[in-house]
Amino acid sequence: MNLPLPPEFKQIPGYRFNPTDTELVEDYLKRKVLCCPRPLDMIPILDDVYSYSPFQLLLNNSGVMDGDTWIFFSQRKTGINIAKEGYYQVCTEREVKSINEVIGFVQTSIFYCGEPPNGYITDWILEEFRLNPNAVYGRETNHITQKRIQNIVVCKIFRDLQSSDTECDSPLSDIECDLPLSDTE
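The letter at position 35 of the sequence shown is residue 35 when you use full-length UniProt numbering, and the numbering goes up by one with no holes.
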């Protein structure tokens with residue numbers, strides 16, 4: 001894993017890399033898929049972001065962008081995604097628009113500690129941004145590009161400390177999942 005910020009950006013007081021959803025899809029993901037230069041080549045690649053729990057990323061200080069937020073390019077996965085200390089479960093999906101055109105989609109997953117389906121919900125969220133294939137036109141859509149559109153995503157992992165939904169409040173206060181993984185432990 002490489003660090004996303006070049007050293008010169010880490011030295012600028014107050015600098016934050018905080019792109020909007022539209023910017024992530026249009027300026028970073030689409031350009032990555034089409035092999036075009038990006039505004040700043042600062043988002044690292046993590047082949048299987050779903051195999052890492054947020055706690056592993058926190059402890060490794062990997063790809064930290066702003067506090068408890070990480071952004072990575074990764075490979076798209078479907079279904080329940082199992083990490084070392086838990087799993088990511090999909091809960092919602094929404095469109096990303098630019099000037100009333102749907103340019104991509106965001107699938108939101110919540111990280112649970114433990115084994116499915118009996119894990120404990122946490123306040124860690126993973127948003128997976130993928131390109132809308134219909135937003136890429138003409139010569140850009142050859143077979144290789146179509147595969148890249150289907151497989152390359154941007155993942156944003158962050159802690160939702162302002163969740164007002166009492167059902168989603170995490171019983172966990174530490175950064176580790178030291179809960180038993182089954183009733184027999």
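Hints in this document: simulated from the structure, not taken from any laboratory. Model, not experiment: these values are computed from the prediction. Even glycine gets a Cβ: it sits at the ideal position worked out from N, Cα and C. The reader is advised that the hints may include incorrect statements.
[What the hints assert, rightly or not] Computed spacing ranges between beta-carbons, pair by pair:
#1 P117 x R38: 19 to 27 Å
#2 R94 x D48: 35 to 43 Å
#3 L161 x F17: 26 to 34 Å
#4 E115 x Y137: 15 to 23 Å
#5 C91 x S51: 28 to 36 Å
#6 L161 x P133: 31 to 39 Å
#7 P116 x R16: 30 to 38 Å
#8 R38 x N134: 20 to 28 Å
#9 C91 x Q150: 30 to 38 Å
#10 R31 x E93: 16 to 24 Å
#11 Q162 x N134: 30 to 38 Å
#12 N118 x R31: 37 to 45 Å
#13 L34 x K77: 16 to 24 Å
[As the list claims (entries may be wrong)] No farther apart than 30 Å at their CA atoms in a straight line, the calculated lysine-lysine pairs in the DSBU-like style are these:
#14 K147 x K97
#15 K147 x K77
#16 K32 x K97
#17 K147 x K84
#18 K97 x K77
#19 K32 x K147
#20 K32 x K84
#21 K32 x K77
Consistency of the hints with the structure:
Take P117 and R38: their Cβ atoms lie about 39 Å apart, and the range 19 to 27 Å is violated. The given range of 35 to 43 Å is broken by R94 and D48, whose C-beta atoms sit roughly 24 Å from each other. A hinted range of 26 to 34 Å is violated for the C-beta pair L161 and F17, which are about 20 Å apart. Checked against the hint of 15 to 23 Å, the pair E115 and Y137 fails, with Cβ atoms roughly 44 Å apart.
One distance hint, 28 to 36 Å for the beta-carbon pair C91 and S51, is violated here, with the actual separation near 20 Å. Checked against the hint of 31 to 39 Å, the C-beta distance between L161 and P133 comes to roughly 35 Å, which is consistent with it. Checking the proposed 30 to 38 Å range against P116 and R16 shows it holds: the Cβ atoms sit about 35 Å from each other. For the pair R38 and N134, the supplied restraint of 20 to 28 Å holds, since their beta-carbon distance comes to about 22 Å.
Checked against the hint of 30 to 38 Å, the pair C91 and Q150 fails, with Cβ atoms roughly 22 Å apart. At about 23 Å, the CB distance of R31 to E93 agrees with the hint of 16 to 24 Å. In this structure, Q162 and N134 meet the distance hint of 30 to 38 Å, their C-beta atoms being roughly 34 Å apart. At about 41 Å, the beta-carbon gap between N118 and R31 stays in the expected band of 37 to 45 Å.
Range check, L34 to K77: Cβ separation about 22 Å, and the 16 to 24 Å hint holds. At most 30 Å may separate the alpha-carbon atoms for a hinted pair to count; K147 and K97 meet this at roughly 22 Å. At roughly 14 Å between alpha-carbon atoms, K147 and K77 fall within 30 Å of each other, so this suggested pair holds. Between K32 and K97 the CA atoms are separated by roughly 18 Å; this keeps the pair inside 30 Å, and the hint holds.
Distance restraint check for K147 and K84: the Cα-Cα separation of roughly 28 Å lies within the 30 Å cut-off, and the hinted pair is therefore satisfied. Between K97 and K77, the direct Cα distance comes to roughly 23 Å. Compliance with the 30 Å bound is thereby established for this hinted pair. For a cut-off of 30 Å, the pair hint linking K32 to K147 stands: about 13 Å separates their Cα positions. Of the pairs offered as hints, the one joining K32 and K84 holds, with about 29 Å between alpha carbons and a cut-off of 30 Å not exceeded.
Annotation: proposed proximity of K32 to K77 holds, straight-line Cα distance about 18 Å (limit 30 Å).
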